[in-house]
Amino acid sequence: MPSHGRSLACAVGVIGAALTACGSAPPAAQPLLQQTSDRMAHLKGFHFRMVITGYTGTGEPVQTAEGEAHPPDLHARVNLRESSFLVEVEVIFSGTDVYLKSLTGGWQRLTQAQVSQFFDARTLFDKQAGLFPAMRETQSPRVGTQESVDGHDTYPVSGSIPAPRMHQLLALIRDQGSYRATYWIESPANTLWRAQLTGNLFDPARAATVTFDFSNHDQPISVSAPPLG
Amino acid sequence: MTSPFQSLRLRSVNRPALLGLTGAGLFLASLDGYVVVTALLPMLKSVNIAVNRPEQATPIITGFLLGYLAVMPIAGGLSDRFGRVRLFAACLALFALGSLLTATAPSLFQLVAGRVLQGAGGGALVPAVLALAADLYPAGERSPVLGAVSALQEVGSVLGPLWGGLITASTLGWTWIFWINIPVAALLMWALWPEIRAGGEARRPANVDWLGALLATAGLAFLTLALYAADPERSPVGEGFLWQAPLAALCFILFVLHERRTPRPLIDIRRFRDSSFSGAALANAIAGAGLMVSLVYIPVLANAVFSMNASSSALLLFRLMLGIPIGALLGGWLAQRLRSYRFVAALGLGLAALGFLLLSGWNEGSLRPHLLGLPVTVAAAELFLTGLGLGLEIAPVSAALLDAVGEGERGAGASFLIVMRLIGMLVGFSLVAGFGLWQFHRATAHLLPPLPGLLPDFATRFAIYTLKVRQAIFDEYHLIFQSTAITLMIGAVIAAVTLRPLPRPRWH
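In order, the protein sequence lines correspond to chains A and B. Just so you know, this note's numbering puts 736 at position 186 of the first sequence, and the rest follows in order with no gaps. Just so you know, this note's numbering puts 163 at position 152 of the second sequence, and the rest follows in order with no gaps.
If we strip away everything but chain A, and leave its shape as in the complex, we get:
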């Protein structure tokens, strides 16, 4: 193609993209949440990072969790608050088994009783009780103006989630009122890049925020049982 032809094509492309960006109306909130919930629930795998900030009290030791998931299977490094320090542990949820790699030594299998004393990360992405089905149950959702999250153009969708539903997601969350939830969704791909839950999550008077960041959507993840010992 001659150079002036390429320039013309570029100009048309740029103008077209600009018109599309300016002219496209934001998607409706409820369908966007439902479609994104569906897409996220059926991914072959994804990378996630969860960060809890604000007041967490003594009952909630988890500070951050980061890893790969193909729910219910999951492999993550979790930072726990231990007195004035942070301690990193590694967890694997594979099938019905749960494995932990703590301060020293190799992997050990946990019993269900032990898992319940720690952080049952499976619930985060559980097909019934996890974050993705909770998106469908978000009340009074509203779409905001486009925002960039990690270089992706997204629509923030905000609404509220009743406390009992949040309690299913994170067992330590108090069981009253409702909490604000915001999802940053790329449309029309229906890709969730970030989700944020805010409110007095772990104390009646003090606020906390749980932020999830997602990446590597649909990259196949296979989590297998680690060698013990």
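Treat the hints as calculated values from the structure; they're not laboratory data. It should be emphasised that the depicted structure is a prediction, and the values quoted were computed from it without experimental measurement. Among these hints, one or two may not hold up.
Stated by the list, open to error - These stretches of chain B come out as covered by chain A in the derived footprint (C-beta under 8 Å, 3 or more residues):
1. 52-59
2. 62-74
3. 453-460
Said to hold, decoys possible - Below, a list of computed lysine-lysine pairs in the DSSO-like style, where the Cα atoms sit at most 30 Å apart:
4. B:Lys56 - A:Lys651
5. A:Lys651 - A:Lys677
6. A:Lys651 - A:Lys594
7. B:Lys56 - B:Lys479
8. A:Lys677 - A:Lys594
9. A:Lys651 - B:Lys479
Ideal Cβ positions, reconstructed from N, Cα and C, are used throughout, including at glycine.
Add chain B to chain A, keeping to what the hints say.
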């Protein structure tokens, strides 16, 4: 309000005031050299790094040293070209920017980037202030001024860990170690502003071996990466060691080839044929490695197994740091008195080795026993002995190297001494950090922590587990201190074999 300087000509300015202000900047930067050693754990926590991932703290220390080393060789030439005061101001601004990045770091990446900039800014201040002092005072009056500037830097380095520990343990928290640099740097810049703006200093043609500096810095950067054990559970060195180490070697070979050909090299490579020069350089690097091991591992040991807070850890380390200036003064006097560099340098390095050997015997109760009923603990005496040894070698090793380079290259020789010491610190610490943690992971590879739940005797099991972990930490430290003792002994032998005796005094 007016600033102290209104003059355009350096020789006519208030020399003590100008030197005092630039010296204050140098002191500020030297305080920050090792300030982080007593603040590492809170720093890691603030960027969400767990206490059981200490390897991630390594770049906070090596980043500063690397930044410092990168600018040292070119700072002298740059100050010739742009003027001492202007270079000083630019580097102080860089140091302040690094402090800002460090204090506000939300991530390890920014924390390390901030420390690299702090190192680069702080590292250039040393040659800039030394050159300024040499400009301000004529040859006959220069020596005590240069000594005072060097002493200021050394005192700053000694006080840094204590300063950092006290601020970290206070209600201010560790970020104030770095926040405080910004107003102080701004105040110094304001006071120096007339001189900075006037730029009335005599400019000289640039004498910067850019290619040499680039090759040396690239070699050191690759070496640092190669030795950085990011996953010490698997390897005591970096994952990319097999390609990074040869690249580092290639950079160093190219550096040597370039330095042999270039008319104005950073360092005259032929000097290494002189055994006294190369022996002093090597002994100096080994002493630097020993100093860095003590600076980092004594506070961390105090914190990890003696449960001391940052200020108590700093006070424990201060016992060692106190020995260094005393040893330095004594070493200079002894070398003169005995007319032997090799004996005093070997004695110093040997004493430091003995000190580390004694430290390698520490256990849970080592901080308690008193020395012969005196109000001094055995541990304090061992730390002081180690510091004394590290101080004793400074004067004879430095003097032997400066004697070897001759009158015309004293400035370059002094810079080379600092560079060699920093290289020793960088390489020694990188190696020790990786191998120490690797050893800890090997020792605890099968030590599974008991989990709460259905175990009726969980508390007992957990207490036993904690004891075993503490013992593994002690074993790691024993290995680190023993390796350091052996390395220092090698340094003592090198000094004893290579250093020449003192020349006869000659008066010009």
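Exercise. Within 30 Å, alpha carbon to alpha carbon, are Lys56 (chain B) and Lys479 (chain B)?
Worked result: Since the Cα atoms of Lys56 (chain B) and Lys479 (chain B) sit roughly 25 Å apart, the hinted pair holds (cutoff 30 Å).
Exercise. Does the alpha-carbon distance linking Lys56 (chain B) and Lys651 (chain A) stay inside the 30 Å limit?
Worked result: holds (20 Å)
For this session: Mind taking a look at whether chain A covers the region 62-74 of chain B? Criterion is 3 or more residues with CB to CB distance under 8 Å.
Result: Three-residue rule met by the region 62-74 of chain B, so holds; n is 3.
For this session: For the pair we were handed, Lys677 (chain A) and Lys594 (chain A), check the Cα-Cα distance against 30 Å.
Result: holds (14 Å)
Exercise. CA of Lys651 (chain A) to CA of Lys594 (chain A), is that 30 Å or under?
Worked result: Satisfied, since the Cα-Cα distance of roughly 25 Å is no more than 30 Å.
Problem set entry | Pair hint Lys651 (chain A) and Lys677 (chain A), alpha-carbon separation not exceeding 30 Å | Measuring from Cα to Cα gives roughly 26 Å; hence the hint holds.
Problem set entry | Within 8 Å of chain A's CB atoms, at least three CB atoms from the region 52-59 of chain B: coverage verdict | As far as the region 52-59 of chain B goes, the hint holds, because 4 residues have Cβ atoms under 8 Å from chain A.
Exercise. Does Lys651 (chain A) pair with Lys479 (chain B) here, judged by a C-alpha cut-off of 30 Å?
Worked result: holds (17 Å)
Exercise. Do at least three Cβ atoms from the region 453-460 of chain B come closer than 8 Å to Cβ atoms of chain A?
Worked result: Held - the region 453-460 of chain B has 6 residues with a Cβ nearer than 8 Å to chain A, which meets the minimum of three.
In summary, this structure violates none of the numbered hints.
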